[in-house]
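Go by the hints and put chain F onto chain A.
Chain order of the listed sequences is A and F. Residues in the first sequence are numbered consecutively from 1, following the working numbering. Residues in the second sequence are numbered consecutively from 114, following the working numbering.
Any given hint might turn out to be false.
[What the hints assert, rightly or not] Computed cross-link-like contacts, DSS-like style, restricted to lysine-lysine with a CA-CA straight-line distance of at most 25 Å:
{"no.": "1", "chain 1": "A", "residue 1": "K19", "chain 2": "A", "residue 2": "K71"}
{"no.": "2", "chain 1": "A", "residue 1": "K9", "chain 2": "A", "residue 2": "K67"}
{"no.": "3", "chain 1": "A", "residue 1": "K67", "chain 2": "A", "residue 2": "K52"}
{"no.": "4", "chain 1": "F", "residue 1": "K115", "chain 2": "A", "residue 2": "K41"}
{"no.": "5", "chain 1": "A", "residue 1": "K40", "chain 2": "F", "residue 2": "K180"}
{"no.": "6", "chain 1": "F", "residue 1": "K155", "chain 2": "A", "residue 2": "K44"}
{"no.": "7", "chain 1": "A", "residue 1": "K19", "chain 2": "A", "residue 2": "K9"}
{"no.": "8", "chain 1": "F", "residue 1": "K115", "chain 2": "A", "residue 2": "K22"}
{"no.": "9", "chain 1": "F", "residue 1": "K155", "chain 2": "A", "residue 2": "K19"}
{"no.": "10", "chain 1": "A", "residue 1": "K22", "chain 2": "A", "residue 2": "K67"}
{"no.": "11", "chain 1": "F", "residue 1": "K155", "chain 2": "A", "residue 2": "K36"}
{"no.": "12", "chain 1": "A", "residue 1": "K40", "chain 2": "F", "residue 2": "K155"}
{"no.": "13", "chain 1": "A", "residue 1": "K71", "chain 2": "A", "residue 2": "K40"}
{"no.": "14", "chain 1": "F", "residue 1": "K115", "chain 2": "A", "residue 2": "K9"}
{"no.": "15", "chain 1": "A", "residue 1": "K9", "chain 2": "A", "residue 2": "K52"}
[As the list claims (entries may be wrong)] Okay, the calculated beta carbon distance ranges per label pair:
{"no.": "16", "chain 1": "A", "residue 1": "R63", "chain 2": "F", "residue 2": "D168", "range": "43 to 49 Å"}
{"no.": "17", "chain 1": "A", "residue 1": "R109", "chain 2": "F", "residue 2": "G167", "range": "17 to 23 Å"}
{"no.": "18", "chain 1": "A", "residue 1": "D38", "chain 2": "F", "residue 2": "S125", "range": "38 to 44 Å"}
{"no.": "19", "chain 1": "F", "residue 1": "S195", "chain 2": "A", "residue 2": "R109", "range": "20 to 26 Å"}
{"no.": "20", "chain 1": "A", "residue 1": "H73", "chain 2": "F", "residue 2": "G172", "range": "33 to 39 Å"}
{"no.": "21", "chain 1": "F", "residue 1": "P127", "chain 2": "A", "residue 2": "I55", "range": "20 to 26 Å"}
{"no.": "22", "chain 1": "A", "residue 1": "T13", "chain 2": "F", "residue 2": "G172", "range": "39 to 45 Å"}
{"no.": "23", "chain 1": "F", "residue 1": "A130", "chain 2": "A", "residue 2": "P69", "range": "25 to 31 Å"}
{"no.": "24", "chain 1": "A", "residue 1": "S65", "chain 2": "F", "residue 2": "G154", "range": "23 to 29 Å"}
{"no.": "25", "chain 1": "F", "residue 1": "S182", "chain 2": "A", "residue 2": "Y10", "range": "29 to 35 Å"}
{"no.": "26", "chain 1": "A", "residue 1": "S39", "chain 2": "F", "residue 2": "G167", "range": "24 to 30 Å"}
Please keep in mind that the hints were generated in silico from the structure rather than gathered at the bench. All residues carry an ideal CB built from backbone N, CA and C; glycine is no exception.
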Amino acid sequence: DTAVSQTPKYLVTQMGNDKSIKCEQNLGHDTMYWYKQDSKKFLKIMFSYNNKELIINETVPNRFSPKSPDKAHLNLHINSLELGDSAVYFCASSRGHNNQPQHFGDGTRLSIL
Amino acid sequence: QKEVEQNSGPLSVPEGAIASLNCTYSDRGSQSFFWYRQYSGKSPELIMFIYSNGDKEDGRFTAQLNKASQYVSLLIRDSQPSDSATYLCAVQSSGGSYIPTFGRGTSLIVHP
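The following block holds chain A by itself, in its conformation from the complex:
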């Protein structure tokens, strides 16, 4: 059973489009995260939710909007996609938000044409 699952695995789309990435975890964790990993492999946190409440919102363009319908799901919607949004987006979860190890999904590779 996949612990943290993201869909889709690959996303190829045109500049200016709107797209969503979905994430679900079946670990019973309270905290979920979105990370962006650029071409230089730098993993940068974007958002974190704890029990459906937004607790981390890093300096991310407001074209990115996370949504957590329940603590097992954290989706990411991106409006007006730009070339610089091309990256691998990882979802992760942890038991709590305080000093807990994280479990990562397989990633979504987003390519903007």
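Frame of chain A; chain F shown alone:
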């Protein structure tokens, strides 16, 4: 700005040797330290975590933490070609901001 620094490498070691990966961090309030392994094209997976000064061993892996000097290291004994990957150091503070900060990773190559 909290920073986590790692030598990008690549660090090349022969099979059977000890690989030593180092990480320094800027935030003295950091409380928890994690090592993740990431194979090319895959997601990060947790190898070790350590909270207290000293050594923590798990199989061939040993994490070492020195809060006074603000560094954490990962030793891999009896390195295998399958250990070839990028190793990411992550640091998290407590008390207000729980933002996990990752280093840029060290590429390890274990050659037969």
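Quiz item: Failing hints, ascending?
Solution: Checked against the structure, the hints that fail are numbers 5, 8, 13, 14, 17, 18, 21, 23, 25, 26, while the rest are satisfied.
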